[in-house]
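Given chain D, put chain V in place with the hints provided.
The primary structure of each chain is shown beneath.
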Amino acid sequence: MISFYRFLMRLYPQEFRAQFQSEMLHVLAANEADAQHQGFVDRCLAAIHETAGLLLGILRERRSITPARRESRISSLRAPMAVLALYILCTSTMVDLGIHALFSPVSYTLIPGGILPGLWIVSSQRILGAGRNRLGLFALTLFFWLGLPFGLRISEKHYQARLRENPVEFSFRYPGGEVQAKMVNSAFGRPQGGWIASETISLADGRSLSLSMRSDNNAPPYRILIPAFLMGLCFLWRRRHASLAPAGQPSPTVHSS
Amino acid sequence: MRHVDQRHIEAQAPSPSESTLLILVSLAAEPRHGYAILKDVEQLSEGRVVLSTGTLYGALKRLLSDKWIEEVAGAAAARDRRTYRLAEAGHTVLVHEINRMKRYARVASSRLAAEVRA
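Chains as they are written, first to last, in this note's numbering: chain D, 1 to 257; chain V, 1 to 118.
With the rest of the complex left out, here is chain D (with noise of 0.2 Å):
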């Protein structure tokens, strides 16, 4: 059980832990102890008693986090701008992979996704800072590794259904790309030219309807345009942080690699 509480222990903010994580795993090990001559049922109990006040003190710890400390842990952000860069990179793909996962099947951005959070994750790091807010990083990790893929997955499969309900043919262009919708009775013939995703969905009539999604070669590509936004708003970020930062004390400054 030490070391499940252990494992919980590390839920708790840094500045908790660090004030009281060797301690309270003391206390814990001498309740253990304790509950050792006890039966197998006051036991479970004991234990469940413990996770439950570690679980509520987590909760309760977490959100004592006032706004000054949240602005303090902001402050820390550094990080070399080729790995702001490569962050922003990562995290747009993702998000355009996402995209595309409406009109292809899933498998495909898992295929890049799986070598994305990891990049993802080591500039995040670095840009927070080693070690701070894992559970932050964790949880945004599942959200772009599980998460994403397979709540889109679901709404694709949902938005097939109702593909399937109404059979019109559609299409509709936005800035980089366009999406067609088709009855055929074989399989789509691809146009030439831009990014192409298809996916063909067969009905109980012997007639198939196919979904493809083209990128525009040339309408603007809204994929370097992500990038490009990300980066505009993390220069006022840290422009306006530098300009808030009190006098005397040297401004968060990007350190060159």
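A few of these clues could be false.
Stated by the list, open to error - Restraint ranges, calculated between C-beta atoms of paired labels, are given here:
hint: 1; chain 1: D; residue 1: Thr51; chain 2: V; residue 2: Ile98; range: 27 to 37 Å
hint: 2; chain 1: V; residue 1: Ala105; chain 2: D; residue 2: Ala139; range: 48 to 58 Å
hint: 3; chain 1: V; residue 1: Ser17; chain 2: D; residue 2: Val41; range: 25 to 35 Å
hint: 4; chain 1: V; residue 1: Glu46; chain 2: D; residue 2: Pro13; range: 33 to 43 Å
hint: 5; chain 1: V; residue 1: Val72; chain 2: D; residue 2: Gln14; range: 24 to 34 Å
hint: 6; chain 1: V; residue 1: Ala89; chain 2: D; residue 2: Glu15; range: 20 to 30 Å
hint: 7; chain 1: D; residue 1: Gly151; chain 2: V; residue 2: Lys102; range: 56 to 66 Å
hint: 8; chain 1: V; residue 1: Thr92; chain 2: D; residue 2: Asp34; range: 28 to 38 Å
hint: 9; chain 1: V; residue 1: Glu46; chain 2: D; residue 2: Ala29; range: 19 to 29 Å
hint: 10; chain 1: D; residue 1: Gln36; chain 2: V; residue 2: Arg48; range: 33 to 43 Å
hint: 11; chain 1: V; residue 1: Val50; chain 2: D; residue 2: Ile2; range: 44 to 54 Å
Claimed, not checked - Computed, partial: chain V to chain D, Cβ under 8 Å:
hint: 12; residue: Arg32
hint: 13; residue: Tyr35
hint: 14; residue: Leu38
hint: 15; residue: Val49
hint: 16; residue: Ser52
hint: 17; residue: Thr53
hint: 18; residue: Gly54
hint: 19; residue: Thr55
hint: 20; residue: Gly58
hint: 21; residue: Lys61
In short, the hints are calculated from the structure, not lab data.
No experiment lies behind these values; they were computed from the predicted model shown.
For glycine and all other residues, C-beta sits at the position ideal for the given N, C-alpha and C.
Showing chain V alone in chain D's frame:
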């Protein structure tokens, strides 16, 4: 004047929870470390209040930040066995809380007695 000040303090200070009060009572007798506080609170409340370790240290952190308790300086205790004692502010809060409870007990007793007479 002192009476007014005390009433003002009582009105301003939030009433501590039962577990916090029991921790303060436990530390009123002598400085104790975490495990000793747990056991003493259980004994004080006759087994009615059993603090979990998470609850205890959450409360200790708040009490330390409010300066109601303090670590015993210079104690030869290891990092995993620090000792805490009641601070001046904690002592004041405890006295006010006991006075408040005494007042409530007095009023409740007199009302119950009046009900029995009726």
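Checked hints:
no. : hint                                : verdict
1   : Thr51(D) <-> Ile98(V): 27 to 37 Å   : holds (34 Å)
2   : Ala105(V) <-> Ala139(D): 48 to 58 Å : holds (49 Å)
3   : Ser17(V) <-> Val41(D): 25 to 35 Å   : holds (29 Å)
4   : Glu46(V) <-> Pro13(D): 33 to 43 Å   : holds (35 Å)
5   : Val72(V) <-> Gln14(D): 24 to 34 Å   : holds (25 Å)
6   : Ala89(V) <-> Glu15(D): 20 to 30 Å   : holds (22 Å)
7   : Gly151(D) <-> Lys102(V): 56 to 66 Å : holds (59 Å)
8   : Thr92(V) <-> Asp34(D): 28 to 38 Å   : holds (34 Å)
9   : Glu46(V) <-> Ala29(D): 19 to 29 Å   : holds (26 Å)
10  : Gln36(D) <-> Arg48(V): 33 to 43 Å   : violated (24 Å)
11  : Val50(V) <-> Ile2(D): 44 to 54 Å    : violated (19 Å)
12  : Arg32                               : violated (12 Å)
13  : Tyr35                               : holds (5 Å)
14  : Leu38                               : holds (7 Å)
15  : Val49                               : violated (12 Å)
16  : Ser52                               : holds (2 Å)
17  : Thr53                               : holds (5 Å)
18  : Gly54                               : holds (3 Å)
19  : Thr55                               : holds (5 Å)
20  : Gly58                               : holds (5 Å)
21  : Lys61                               : holds (7 Å)
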